[in-house]
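Student: Those sequence lines, one after another, are chains A and B.
Just so you know, we're using the working numbering here: the first sequence kicks off at 1 and counts up by one.
Just so you know, we're using the working numbering here: the second sequence kicks off at 359 and counts up by one.
Be a bit skeptical, because a hint or two may be false.
Stretch-level coverage of chain B by chain A, calculated; a stretch enters the list once three of its residues show a Cβ under 8 angstroms from a Cβ in chain A [what the hints assert, rightly or not]: (1) 432-445; (2) 459-473; (3) 582-589; (4) 631-645.
Label-pair distances were calculated between CB atoms; the ranges are [as the list claims (entries may be wrong)]: (5) B:A538 / A:V39: 55 to 65 angstroms; (6) A:R224 / B:P443: 49 to 59 angstroms; (7) B:N572 / A:L351: 53 to 63 angstroms; (8) A:N307 / B:L618: 21 to 31 angstroms; (9) A:L42 / B:N572: 50 to 60 angstroms; (10) B:P443 / A:F37: 34 to 44 angstroms; (11) A:G100 / B:M359: 53 to 63 angstroms.
The hints are simulated quantities; they were obtained by calculation from the structure and are not laboratory data.
Don't be surprised by glycine CBs; every beta carbon is placed ideally from N, CA and C.
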Amino acid sequence: MFYREAGQFKTSYQTDAAIFPIRQDRIAIALIVVVAFIVIPLQATPYMITGILIPFLILSLAALGLNILTGYAGQLSLGTAAFMAVGAFASYNFMLRVPGMPILLAFIGGGTVAAFVGILFGLPSLRIRGFYLTVATLAAQFFILWFLTKVGWISNYSSSGVITAQQVVILGYAFTAPTAKYLLVLSIVSVMALAAKNMTRGNVGRSWMAVRDMDVAAEVIGIRLMRAKLLAFAVSSFYCGVAGALFAYAYLGTVEPEAFNLDLSFRILFMVIIGGVGTVLGSFLGSAFVTLLPVLLSVTVRYLDSNFSLHIAESTISNLELMAFGSLIIFFLIVEPHGLARLWQIAKEKLRLWPFPH
Amino acid sequence: MAFFFEVLIGGLLSGVMYSLVALGFVLIYKASGVFNFAQGAMVFFAALTYVGLLEHGFSPWLAVPATLVVMIVLGLVTERIVLRPLVNQPQITLFMATIGLTFFIEGLAQMMWGANVRGLELGIQDEPLQWVTDTTGMSISKFDLVAAGVAALLVTLLALFFNRTRIGRALRAVADDHQAALAVGIPLQQIWAIVWSVAGAVALVAGLLWGARNGVQYALTFVALKALPVLILGGFDSIPGAIVGGLIIGASEKLAEVYLGPYVGGGIEGWFPYVLALVFLLFRPEGLFGEKIIRRI
Numbered sequence: 001m002f003y004r005e006a007g008q009f010k011t012s013y014q015t016d017a018a019i020f021p022i023r024q025d026r027i028a029i030a031l032i033v034v035v036a037f038i039v040i041p042l043q044a045t046p047y048m049i050t051g052i053l054i055p056f057l058i059l060s061l062a063a064l065g066l067n068i069l070t071g072y073a074g075q076l077s078l079g080t081a082a083f084m085a086v087g088a089f090a091s092y093n094f095m096l097r098v099p100g101m102p103i104l105l106a107f108i109g110g111g112t113v114a115a116f117v118g119i120l121f122g123l124p125s126l127r128i129r130g131f132y133l134t135v136a137t138l139a140a141q142f143f144i145l146w147f148l149t150k151v152g153w154i155s156n157y158s159s160s161g162v163i164t165a166q167q168v169v170i171l172g173y174a175f176t177a178p179t180a181k182y183l184l185v186l187s188i189v190s191v192m193a194l195a196a197k198n199m200t201r202g203n204v205g206r207s208w209m210a211v212r213d214m215d216v217a218a219e220v221i222g223i224r225l226m227r228a229k230l231l232a233f234a235v236s237s238f239y240c241g242v243a244g245a246l247f248a249y250a251y252l253g254t255v256e257p258e259a260f261n262l263d264l265s266f267r268i269l270f271m272v273i274i275g276g277v278g279t280v281l282g283s284f285l286g287s288a289f290v291t292l293l294p295v296l297l298s299v300t301v302r303y304l305d306s307n308f309s310l311h312i313a314e315s316t317i318s319n320l321e322l323m324a325f326g327s328l329i330i331f332f333l334i335v336e337p338h339g340l341a342r343l344w345q346i347a348k349e350k351l352r353l354w355p356f357p358h
Numbered sequence: 359m360a361f362f363f364e365v366l367i368g369g370l371l372s373g374v375m376y377s378l379v380a381l382g383f384v385l386i387y388k389a390s391g392v393f394n395f396a397q398g399a400m401v402f403f404a405a406l407t408y409v410g411l412l413e414h415g416f417s418p419w420l421a422v423p424a425t426l427v428v429m430i431v432l433g434l435v436t437e438r439i440v441l442r443p444l445v446n447q448p449q450i451t452l453f454m455a456t457i458g459l460t461f462f463i464e465g466l467a468q469m470m471w472g473a474n475v476r477g478l479e480l481g482i483q484d485e486p487l488q489w490v491t492d493t494t495g496m497s498i499s500k501f502d503l504v505a506a507g508v509a510a511l512l513v514t515l516l517a518l519f520f521n522r523t524r525i526g527r528a529l530r531a532v533a534d535d536h537q538a539a540l541a542v543g544i545p546l547q548q549i550w551a552i553v554w555s556v557a558g559a560v561a562l563v564a565g566l567l568w569g570a571r572n573g574v575q576y577a578l579t580f581v582a583l584k585a586l587p588v589l590i591l592g593g594f595d596s597i598p599g600a601i602v603g604g605l606i607i608g609a610s611e612k613l614a615e616v617y618l619g620p621y622v623g624g625g626i627e628g629w630f631p632y633v634l635a636l637v638f639l640l641f642r643p644e645g646l647f648g649e650k651i652i653r654r655i
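Next comes chain A alone, as it looks inside the complex (with noise of 0.2 angstroms):
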């Protein structure tokens, strides 16, 4: 009824070859962009913006990035906060050491040199697979956050490893106010997100597709092993370098290596997997979903703490809260195991044949 596609024909092959073929996405799209880049702008709070929406985006990136790797091509990371970390040093140091350097070719920069890091690193995946490989991405973590800890040079041997991102000053205009930073981030996500939207679905993807559901068939088939597999840790460590350049730029300001810890690395490893591993829209939607359950769960500790008066301790809540965040995951992978775009895709189908059963 409200998702049906009857009337729409495509006579083309560029309406059928469209990334967005039906027209109700494409006006569910034009308002969330509209929503997104006009609404929001004009209504959040900045506590909202900078507390929940910048970190958002950026962490959507960075899943982004993951997802590339582990949903497309098949190969699990755990390194992925390291190739953030690289990315934002990176961008620090392309701002530092050349002068006049605009901030977005740094950016682009810091994701380069993390692309590269991440070619490095993805070298073993063709020789191992499955859990040993998602042990060794252990070695990325680690090496690089103790790599960047030791070698002054990069931290412009500020003590302990902590750099202050330049403030970001695009064509003379700075972006100092929440807004103007939630917009920067918005674009540079929105456009990527297209870019990998399209890169998935072409030729690029679909040989990713095909070494992650078998890679001994892709290669059969006349797929180069080597180098889709290296493409793919190449983009995706692009995507989270520019990720973590952000990270630093736009939402924490001063950042130290431990910043980038494994923890990170997890937490957008359960974006992944609770928005939906191999859709760009999981990335999205876990994102969403792992930045706002800690949020949710200390505002509901809190209220009931407050109400009924229950006096818990400080350490008990944030006990609890863990506790509860380790459940949720337990419970989402068993009610849902193909994520929060599988139940989109589901209701999507029910949208299309309401008020029918079939």
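Fit chain B to the supplied structure of chain A, relying on the hints for placement.
Tutor: Just chain B now, with coordinates in the frame of chain A:
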């Protein structure tokens, strides 16, 4: 030269401690194909429960079986609530579920017993053996020797259990092929419950030894991260592999820290085992003792 041997032996003995944690991973992976990330949290939980019981006036001899019971209950509940609904899901989903379990156990442990660091006294002194120092000039900790002995005992017991008992045979059958095992009448759920209980017991032993060594604190959960390179080096599904891998990792890590560390600024213990395991895997992708998998299209 004596110094070299001292470092080497110290490394080997600390490697045994890693093996203890790695054993828990291997047990569960072997019998259910689940990469149980919560093993580190279980070690932490066991140690904290033991110390907590002692504080509540239990005698050590009573606290050990009591903790064992708690660990077994934890294993059974995990099997019932987490694993059973997730049968036949891809391995990655199960892996993620165990990460969720990790959060839950960490929260539960700290809520039940508090988060402050505590000491754990097992009655074994962490001091060098006098007669070894006198004869060779090396200092070897008594505690490390006891830990190695416990590990050896545990491995022998587990090897006997796996190879000589009816349940052990069933465990190996389940590990080989779930469906075939079910078809010949092996109760899968019962087997998994047993494996998780045994892994809980191994976690208790590891927790006691690690707790006595480093104090019972949140950092114990990171011990699991040290056990991972041991696993990939030895192979996920091999008990001897866990031991040999632990020895190699322990020894090379200490040697690298002492002889290589000063040149690069130290602190390489955190990542050196991983890089070592990684380089090793490039030559033998299934680990030292792992089962070689032949793939067909």
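Student: Next step is simple, just say for each hint if it's right about the structure.
Tutor: Checked hints:
no.: 1; hint: 432-445; verdict: holds (count 4)
no.: 2; hint: 459-473; verdict: holds (count 12)
no.: 3; hint: 582-589; verdict: holds (count 4)
no.: 4; hint: 631-645; verdict: holds (count 9)
no.: 5; hint: B:A538 / A:V39: 55 to 65 angstroms; verdict: holds, 58 angstroms
no.: 6; hint: A:R224 / B:P443: 49 to 59 angstroms; verdict: violated, 40 angstroms
no.: 7; hint: B:N572 / A:L351: 53 to 63 angstroms; verdict: holds, 56 angstroms
no.: 8; hint: A:N307 / B:L618: 21 to 31 angstroms; verdict: violated, 58 angstroms
no.: 9; hint: A:L42 / B:N572: 50 to 60 angstroms; verdict: holds, 54 angstroms
no.: 10; hint: B:P443 / A:F37: 34 to 44 angstroms; verdict: holds, 42 angstroms
no.: 11; hint: A:G100 / B:M359: 53 to 63 angstroms; verdict: holds, 58 angstroms
Checked against the numbered hints given earlier, the structure breaks hints 6, 8 and satisfies all the rest.
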